[in-house]
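In the numbering used here, the protein residues as written are 246 to 375.
Heads up, a few of these hints could be off.
To be verified - Label pairs and their calculated CB-CB ranges:
| id | residue 1 | residue 2 | range |
| --- | --- | --- | --- |
| 1 | Pro338 | His275 | 31 to 41 Å |
| 2 | Asp277 | Ala299 | 12 to 22 Å |
| 3 | Arg344 | Arg314 | 34 to 44 Å |
| 4 | Phe318 | Ser282 | 25 to 35 Å |
| 5 | Thr348 | Ser288 | 20 to 30 Å |
| 6 | Arg368 | Thr281 | 18 to 28 Å |
| 7 | Val370 | Leu328 | 36 to 46 Å |
| 8 | Arg316 | Ser288 | 36 to 46 Å |
Worth flagging that the hints you see were computed from the coordinates, not collected in a lab.
Here a beta-carbon is modelled for each residue, glycine too, at the ideal position from N, C-alpha and C.
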Amino acid sequence: MAPLMHSPSTLTIYLFGLSALVLGIHNLLHPDTALTSLSLPASSLPTINATSVAAVAMGLYYTLAAYQRNRPFYALTVPMRLLTAGVFWNQAPPGVSGRGWRTAALWEGGGALVTGLALAWERGVGKRRV
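Based on the provided sequences and hints, a complete structural model is requested.
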């Protein structure tokens, strides 16, 4: 049996989902790391736990969508992830203390752009084959 070839957009969604799953689990097990990297007070622990559980769920959804090769899902993630990147970027306080939010914003925005470009490229490749 020949190995399955995955499209670039499928790989971007899978990798993003896997990273969300791993980081969500890590932050559930080590919430103090998330508090420190985002410059949040200890009173934010419930919020870190809630967003970590959401990251685990999102990681599962994204990896399932990649397994199913759900291209409409891929396309819908692009604007949402760009919006998320904007919110994270603007959440960051000026200076070094905002580095965690800016890193998250760059990861979200960069991933959205790569997925969007992969989808556009695949659309172009498909038209040339017809």
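- Item | Non-conforming hints, listed in increasing numerical order | 1, 6, 7
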